[in-house]
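A.B. asks: So you can see what is in the structure, the chains are spelled out below.
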Amino acid sequence: MTGIITVILILIPLLAGALLLITKGEQVKRIALAASLLELVVTAVALFKFNGTGEREFVINYPWIKSLGINFYVGMDGISLLLVLLTSGLVPLIIFSSFNKTIENPSLFYSLILFMQMALVGVFVAMDGFLFYVFWELALIPIWFICLLWGSGEKRSITFKFFIYTLTGSLFMLAALIYLYLHTDGTHSFSIDALYAAGRSLDAAKQAWIFWGMFIAFAIKMPVFPFHTWQPDTYVSAPTQGTMLLSGIMLKMGTYGLIRWLVPLAPLGVEQWGNTAIILSVIGIIYASCLAIYQKDMKRLIAYSSIAHVGLIAAGIMVVNSQGLQGSIIQMISHGINVVGLFFIVDIIETKTNTRMTDKLGGIRNVNPNFAVVFLIVLLGSVALPLTNGFVGEFLLINGIYKYGAWIAAFAGLTVILGAVYMLRSYQSVMLGNTNSVTEKFDSLNGIEKTILVIICALILIIGVYPKPLLDIVGPAVEMYIQNYGVNY
Amino acid sequence: MKALIVLSLLGVVALFAEIFKFKKILFPAIILGLLATIVLLTSEWGFDNTYFRMLHMDTYAILFMCLILCTAILWFLFSKNYFDSMSNITDYYGLVLFSLVGSMLLVSYNNMVMLFLGVEILSIPVYVLAGSKKDDAESNESAMKYFIMGAFATGFLLFGIAMIYGATGSFYLHDIAQGVEVKKLEMPGLLTGGIIFLLAGLSFKVAAAPMHFWAPDVYKGAPTVVTAYMATIVKASAFAAFFRLFAACFFTVKGEWSAMIWGLSVLSIVVGNVTAVFQTNAKRMLAYSSISHAGFMLVAILGMNELSTKAILFYSAAYSVASIAAFTVLLKVSEARKSDDINAFEGLAKNNPLLAFVMTVALLSMAGIPPLAGFFAKYYIFTSAFASGYVGLVIIAILGSLVGVYYYFKIIIAMYAGENKVEKINLDTITKTVLLISVALTIAFGIYPDLLLDLFRF
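As they're listed, the protein sequences go chains A and B. Numbering-wise, my numbering puts 189 at position 189 of the first sequence, and it's gapless, one number per residue. Numbering-wise, my numbering puts 148 at position 148 of the second sequence, and it's gapless, one number per residue.
Don't read these hints as lab results, they were simulated from the structure. Worth double-checking, as some hints may not be accurate.
[Unchecked claim] With a Cα cut of at most 20 Å, we get these calculated SDA-like pairs of lysine to any residue:
1) A:Lys206 <-> B:Ile395
2) B:Lys350 <-> A:Arg156
3) A:Lys66 <-> B:Asp450
4) B:Lys424 <-> B:Ala336
5) B:Lys421 <-> A:Arg156
6) A:Lys66 <-> B:Tyr448
7) B:Lys133 <-> B:Ser87
8) B:Lys350 <-> A:Lys299
9) A:Lys101 <-> A:Gln27
10) A:Lys206 <-> B:Val277
11) B:Lys24 <-> B:Leu40
12) A:Lys66 <-> B:Ser87
13) B:Lys424 <-> A:Lys299
14) B:Lys350 <-> A:Thr102
15) A:Lys66 <-> B:Leu451
16) A:Lys161 <-> B:Val277
17) A:Lys66 <-> B:Glu306
18) B:Lys350 <-> A:Thr23
19) B:Lys350 <-> A:Leu414
20) A:Lys66 <-> B:Ala444
21) A:Lys206 <-> B:Ile121
22) B:Lys350 <-> A:Leu21
23) B:Lys350 <-> A:Gly362
24) B:Lys2 <-> B:Ile121
25) A:Lys66 <-> B:Lys421
26) A:Lys66 <-> B:Lys424
27) B:Lys424 <-> A:Glu104
28) A:Lys24 <-> B:Asn351
29) A:Lys24 <-> B:Pro353
30) B:Lys421 <-> A:Asn105
31) A:Lys299 <-> A:Gly362
Since this is a predicted model, take the numbers as computed values, not measurements.
Produce the complete structure using the sequences and hints provided.
C.D. replies: And the structure:
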């Protein structure tokens with residue numbers, strides 16, 4: 001009954017979140033941090049007990065809505081486990097990163113973060129279509145409230161757009177899931193295997209519909225060009241912790257969905273339309289990178305860079321070969337770490353100087369050289385320099401895409417070059433040059449900031465130098481996946 | 001049958017309360033009476049009794065009766081404060097109880113006469129209740145409109161019944177169903193005409209477009225508690241009747257009416273949702289949203305398969321519970337702010353977290369966001385329509401519910417992002433209980449829908 005671990009992983013944040021709602025005072029954030037660390041410990045236990053055969057482990061399958069063949073069916077293979085690890089690793093950092101600030105109504109804030117974590121873990125471990133959908137939607141509510149209640153700027157209209165956008169996608173996915181459900185054998189079932197079988201039994205034209213129904217949902221969540229228009233505004237207006245959740249973890253719901261729910265469900269759909277999806281992703285890479293070059297607002301710049309990175313991940317998944325898939329999973333982890341680091345750095349700059357516009361800043365390195373070093377490490381991770389975590393993922397990804405098509409890989413590879421351009425440009429204008437009146441106030445980092453940045457830099461370097469443990473976890477699952485669900489273009 | 005008698009007697013007792021001066025204990029007596037009625041109903045569960053061939057207490061009927069009575073209990077609790085401030089409280093309680101008797105007939109009728117009587121007994125008290133704010137012009141207008149339009153609808157209904165009688169030679173549902181099959185070709189015009197008129201009459205009662213014009217004005221003008229009554233009990237029982245009629249009588253001639261219901265449902269979803277977007281008044285918005293919900297429930301009638309029965313019951317339950325919650329909050333807010341505009345909700349969350357939370361849950365449920373009851377209700381409807389092959393309709397319904405999200409979220413955003421500070425609104429224990437019960441049910445039905453669905457197995 002190792003399956004209980006999966007349930008515990010869902011329950012800890014849920015119960016802790018509920019507990020926080022009725023707690024008041026200063027200890028709220030410490031309870032939240034403790035709960036998220038406990039979650040991390042449980043994930044570590046799961047890692048320790050993980051056999052890594054490529055099969056689903058920690059499975060629990062308990063009837064939920066019997067009359068409709070809906071089960072509480074959860075389990076983890078290597079892919080799920082790594083994403084759960086990402087979630088439970090990042091959430092403590094995200095919570096800890098808020099310790100410097102005074103947050104209005106903290107008990108609600110932290111409980112929403114924990115509820116969000118519950119839903120995210122649920123998305124990654126759900127092996128029942130209906131359960132997956134419920135967690136998928138459930139993740140939206142807390143983050144929406146976080147953006148609405150603690151956001152800034154035109155938050156009303158922006159969060160509105162965000163919600164409507166993502167909900168539209170989800171509803172198409174729901175329609176596709178129901179359609180598949182009605183095509184399962186005998187007494188219908190939402191179990192992942194039954195849905196796979198149902199999807200594969202459909203003819204090519206129907207699979208194409210399934211493909212688009214699901215793809216739009218995932219493409220909006222990631223987001224892939226041209227479904228990305230909600231994203232930069234939302235990232236900018238959300239509070240830093242919200243942005244971290246959105247870009248660090250929530251975005252991976254979409255890419256994970258591609259792997260778990262799209263490709264195996266509609267292989268013929270992927271054969272017909274995968275090309276289009278890959279081309280859209282690559283267009284997104286170039287388009288977002290070009291826009292990123294012109295951004296003055298650092299948060300917006302990272303938002304666009306995120307679109308570019310996720311475009312590469314999506315393309316790597318849609319080529320459905322083992323390099324692409326491995327790369328995409330490693331890159332999901334790396335991107336999660338890097339982007340949280342970047343947003344945290346921007347947050348530090350903004351708290352200390354009251355601006356995040358690159359043209360107003362400059363010369364921070366002169367005042368705080370240590371900060372310049374950590375920024376540089378995170379930045380290099382993000383532009384995929386060898387020996388950083390970004391390199392491992394992007395190398396595998398481009399390799400995988402190259403197997404699919406050399407030209408596409410060439411265009412996709414532009415992300416590395418363009419990424420270097422916009423990242424280094426912003427580094428140059430923020431950190432180098434002469435100190436001005438805005439940046440001279442930039443004092444040294446406090447303990448919390450140092451801890452978080454050191455952890456992030458360490459992760460970037462460790463994964464960059466020695467990615468083998470991650471690859472070992474995900475390897476068997478990927479091999480099995482490609483064997484079963486590989487697509488011949 | 002005993003249940004019906006108890007309920008009618010309860011109404012009579014309520015009328016005498018003024019004369020014999022036991023007004024004080026009337027309210028608990030009513031609640032107890034309703035509970036007793038529910039107990040009596042459950043004792044009939046599974047026996048499939050038929051009374052005088054007029055009423056048929058099948059599982060469907062009993063479940064709907066229990067649903068309506070439970071909603072009624074919630075409704076009584078919620079409206080207690082409002083009625084306490086009125087002078088002739090006993091009359092109003094009597095009216096409500098009588099109208100509940102009507103809704104009991106509506107969900108269990110086995111004969112067209114009972115359908116007609118049910119509609120009338122249900123509606124006439126509500127006409128009066130809609131005008132119960134005697135010195136308020138809008139309330140009077142509401143009652144007048146409702147009455148006149150309702151009278152027309154009853155006319156349609158009666159005419160339809162007569163034509164069906166002409167086509168099949170019977171008032172009994174069972175005989176009609178057989179007659180329809182045999183005489184389908186003999187008198188096609190009469191049958192189709194009858195169905196059209198019945199549809200017109202019933203879609204007025206459930207406020208489905210294009211028979212919806214009365215709803216916004218009546219909802220807006222009537223006192224909030226009466227609006228809540230219309231949105232929950234009247235609507236649920238009218239839908240139960242609607243579904244019963246088509247499931248029992250016209251199941252075999254689906255070709256005759258499926259296109260019409262398809263049209264009604266699309267029109268309701270589109271008109272209801274799109275018009276609701278432009279409303280600035282919360283009550284009018286809820287009225288249009290209730291039109292769109294009628295559209296969704298019509299989808300279940302159209303599906304007409306083994307899922308539909310459950311779908312319609314679940315939808316009624318989810319919508320009624322959420323409506324009670326929403327109207328309770330609306331009543332409290334409009335009392336405090338002297339306005340039932342959406343603006344009145346600005347900044348509600350700051351000092352009234354409970355009210356804002358309840359409203360949010362209710363609206364999210366109506367919008368169909370998991371894991372709340374409304375999501376599951378919509379899911380059920382979609383599945384039932386999908387299973388019957390109405391893919392296009394499901395897509396329209398999905399787009400419609402997206403528009404729904406838009407206007408429901410207007411209120412949620414206003415409550416949480418608004419800068420206005422609302423003074424703390426005091427809630428008495430009963431109101432709090434109603435709020436908590438309805439929220440708990442909304443969440444419970446959503447997380448574990450088998451709570452309701454399993455009831456069908458008995």
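A.B. asks: Checking each numbered hint in turn, tell me which of them this model violates, lowest number first.
C.D. replies: 8, 10, 11, 12, 13, 19, 21, 23, 25, 26
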